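With these hints in hand, go ahead and build the complete structure from the sequences.
Here is what each chain is made of, one letter per residue.
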Amino acid sequence: MLFTELINSLITDTTQSLPRFGVELCLSATIVLFLLMRLTGLDRLIPACLTATIGALVATFLAYKQFDALHDLNAVPSVKIFTGLLVHDLFSVYFRGFLALFLLLTVALTSLTGIPDEDDSPDFYSLLFGATIGMMLMASANNLLMLFIGIEMTSVPSYAMVGFLKGRKPSSEAALKYVVYGAGAAGVMLYGISLLAGVLGTTDMSMLAARMTEAAAGGSGGLNDPELRTASLGIMLIMVGLAFKLSLVPFHFWCPDAFEGASAEVAGFLSVASKAGAFGLLVRFCLSLSGAPGTESLMTSFGVGLGFIACITTTFGNLAAYTQTNLKRLLAYSTIAHAGYMVMAVAAMLVMANGPQAASMQVDINRSIEGLLYYLVVYLFMNLGAFAIIAIARNYTFSEELDSFRGLISQSPTLCIGMLICMFSLVGMPPFGGFVGKLFIFASAFRAGQIHWFMYVVVAFGALNTVFSLVYYIRVLRTMFMEARPADARPVPVRLASWESAFVVTLAVFVLLLGILPHMMSQTANDAAQSLAIFR
Amino acid sequence: MAADLNAYLLVGAVLFVCGVVCMATKRNGIGVLMGVELVLNGANVNFVAFSRYTDLGLDGQVFSLFVIVLAAAEAAVALAIALNFYNNHLTIDVDRANKLKG
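Just so you know, the protein sequences line up as chains A and B, in that order.
Going left to right, the first sequence walks through residues 54 to 589 as my numbering numbers them.
Going left to right, the second sequence walks through residues 300 to 401 as my numbering numbers them.
Please keep in mind that the hints were generated in silico from the structure rather than gathered at the bench.
Don't take each hint at face value.
[Claimed, not checked] Chain B regions said to be covered by chain A (calculated; three or more residues, Cβ under 8 Å):
# : stretch
1 : 311–321
2 : 324–338
3 : 355–364
4 : 368–380
Predicted model, so just to flag it, every value in this text is computed and none were measured.
Here a beta-carbon is modelled for each residue, glycine too, at the ideal position from N, C-alpha and C.
Laid out in structure tokens, this is it:
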């Protein structure tokens, strides 16, 4: 190819791709703005949280516009952009909108609680926005290179955010643990990528399945085939990296420490957003490998293995939460358990997509991804709500221990009612959003049980764990509602007519709405899931 | 041809294992980070070797260039965090990072 042809095709490709990359570009521009404001001293005149709010608002609006445009029946359902490195479909736009909305809510929370002080806030928001861009790249990755870059781009700012409270011992310890384990997991994952890419001879994720078939063609199709064995090793090492980001057992140990050391706002951000991005990536990666003739049994066993890990993760997370006295640590274990519930949906998808009647089960495969996407949205509101209430109360009591929440109902009923809604939704009680999400996921896992019996066991573990989890959530609520406020406790006077209450009430209303009117969001989630299937 | 590829992969695997052992056994925070660098470079050797001998082509070399840049970025953040830990604890022994548990 001539040099000029190459340049011309690159220019055409880039100009076609850039409009579809608008959300990320908007966030990048905001980061540059933060740095420039710092340079010119403008950040003393205009508070950084205002710039951050505007940037996040514009990004959310752009994501909504993209979603609208793709919903148009005449639109091409899935386009590869930037020479096939990223893919632009409803699934990635769904995640973009989700993450932009979450970024907006986090910025609102941080400006309410004031955790990055005035001096540090431009730096803090740069890190926050950078991590969000990384998560968006994760959800739209179509190349193993983008998989790695997305994960690193999310992780590196997260390490810094966990250690952001520089003078505090727990914060620095949490950051050190997070960075050491995180860098190790990323290295192991990279080695896995090198093996997978080398054996299959491509880094393009949309070609992985076809290459797997070619690799399986010569041999037995099982683990006796050296090429398939190396590829499986690579897949497993990549799964280690993803499991670390999702805090699945046995790669969960960083999660409670990092959350306890970090501020509640950062912990809330990490618990929802980085999980969401990693789930987007996990779904894309698993789908890119499944459906290859000759490797079905191998992929089904991967799905069953994922289901097994999901069972262990939920059980461990729920049981370890029993003895916790620090609320952030308790919620960290609850996060681990919820990651387990959500992985059940991915396991069900993997089992069904590699079963004997995969083609006729397309609807059920879409349902399982729909369940995951729906659960993520509910999880956003309920988990951010719980962390926000901790952060708001901390500003008055200077403590995140469960004891400091004793009898809070007598002083700030709004916070307590908000916590009640969030926690009941986390358990999965009927009128709240968590119930609907769990129902979707368990139903799809039950459907996958027809392909492989182990998925029935997974459903049983999920149901059992819902009962386990009830106990420790109720313990928190009992402390807040039933016990008397100690006389020497610091007062928490959060009135109903305050910004803090308004924030909590907004989140709680969304948790309720998602439980009462599930069809609004579930249709959108299903459309996003369908765009993936077309891509396949 | 195949034998040559295997030799390179062996070097990569040795680097990987050395790195993992280093991460698992070192008590000094900087030592652990050195282990991470070894693992990343083991993967890099793999990428370059695969790009020479298989149809991975230039993708492998581009991948390793990106990894070098990302490793530098990660090391910068990790060293800053290690320095912050030192300022608070006057040590970078990772075994002393034991206040958060349960």
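Now for the hints, and whether the structure bears them out:
1. 311–321: holds (count 4)
2. 324–338: holds (count 6)
3. 355–364: holds (count 5)
4. 368–380: holds (count 7)
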